[in-house]
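A.B. asks: Sequence:
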Amino acid sequence: MVIAVLTVASVCALCLGTPYVPPHRLVGAVLDGDTTLAGVVVNELRFPRLVLALIAGACLGAAGLVLQEALRNPLAVPEMLGVSSGAALGVAAPLVLTLSLPAAVQPLLALGGAALGGGLTLLAAGLGRSPSAVLLTGAAVAAALQAALLVLMVMADQLDLQLIYRYLLGSLSARTWEDVTGLWPWLLVAAPALVLCAPVLSVMRLGDEDAEALGVRAQRARLAALAIAVVLIAPVTAVCGPVAWVGFLAPHLARWFNSSAGAVRWLPWSAAWGAVVVTVADVPARLALAPVETPAGAWTALLGVPAGIALMRSRRRDRMTEGSRTGAAALRTLVPGPRTDTPRPDVEALPAVERGNGSQEEPGARGTVPLPGETTGTEDPR
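Residue numbering for the sequence shown follows my numbering, starting at 28 and increasing by one per position.
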């Protein structure tokens, strides 16, 4: 299903628009270096935008799963922990303050802002001692950083305001191959860290006490998970802006399609579903109000939040149904029903009847108990 949806969305992203490129010409336009208008549009505008959507979605989906598993909360998303807001603040501040910085520095600024937001969250929550405290504190830190972004928007002039507004909603418009190549060094750092982090996330699901008993230090593991999420989110935010709620929807899709797996198997599927979500959302963002482009983050938030809530409710209902079935099976084990090989007491209480002549046996024979006042016939009448 992932491959089918991703293939259809990719073909639509490369073909649809002005000019329209037929599907049978895509291979020639990409591989042969077509110099016509359609070939230039596909190679220089649509294809790098598609690759950027795939990379950004995969990074955000993987980061969302890392945060949710480390904090044991399905609502732990980058938008609720101050990571995305901090990265956006680090990129938007030099633009408003008219600081001339090279483009290669923007990922570092986003990385510093994301680390600042995540660090403030963990510091205010007591270095991650309680997952619920981390989530609540992160929401407060994210609100404070968004307020700082609003102050910057008030200070900006009209041209910078339009750029900042589109950037804060998450947009893939006018992205080129230079933006794509700037993400590869960060991916080379994050990919091995994800491979090493996945088994630890499976242990973290057991709780802090059980994780400590198995040799995993919960606070350090939580700090490491936040650091990995920062490395995944900050470069993407520097290029595309905070594409909202991809890190919320993609992990729930991975769990819903394979609910019996663990974090090790959920991680690649979460990255795949994140790529699908961003690629699918970018198609209506580019074509719905053509020739005006809308930010892709607006579509991911519009479609991702209701879908994620529906998936959460569905999984909770499935767990309740499975729990009731397990409880009923356990109850049947503890309280078994009547056995079929047990003789009926009313049959045992009846006096035995001799077979063949139909005469009744003497009272007291074969262990029968006489009634009060009745003699068995073997006793002395005196």
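Think of the hints as simulated: they come from the structure by calculation, not from any bench. Please note that a few of the clues may not be correct.
Here are the computed distance ranges between Cβ atoms for each label pair [what the hints assert, rightly or not]:
no., residue 1, residue 2, range
1, 237, 34, 40 to 46 Å
2, 32, 286, 52 to 58 Å
3, 34, 291, 24 to 30 Å
4, 132, 184, 19 to 25 Å
5, 124, 286, 22 to 28 Å
6, 319, 34, 43 to 49 Å
7, 157, 241, 35 to 41 Å
8, 212, 47, 48 to 54 Å
9, 318, 220, 20 to 26 Å
Positions of the beta carbon are idealized from the N, C-alpha and C atoms, including for glycine.
A.B. asks: Look at each hint and say if it fits the structure.
C.D. replies: Checked hints:
1. 237 to 34: 40 to 46 Å: 42 Å, holds
2. 32 to 286: 52 to 58 Å: 20 Å, violated
3. 34 to 291: 24 to 30 Å: 26 Å, holds
4. 132 to 184: 19 to 25 Å: 22 Å, holds
5. 124 to 286: 22 to 28 Å: 48 Å, violated
6. 319 to 34: 43 to 49 Å: 28 Å, violated
7. 157 to 241: 35 to 41 Å: 20 Å, violated
8. 212 to 47: 48 to 54 Å: At roughly 36 Å between Cβ atoms, residue 47 and residue 212 fall outside 48 to 54 Å, so the hint is violated.
9. 318 to 220: 20 to 26 Å: 42 Å, violated
Of the hints listed earlier, those the structure fails to meet are numbers 2, 5, 6, 7, 8, 9, in rising order.
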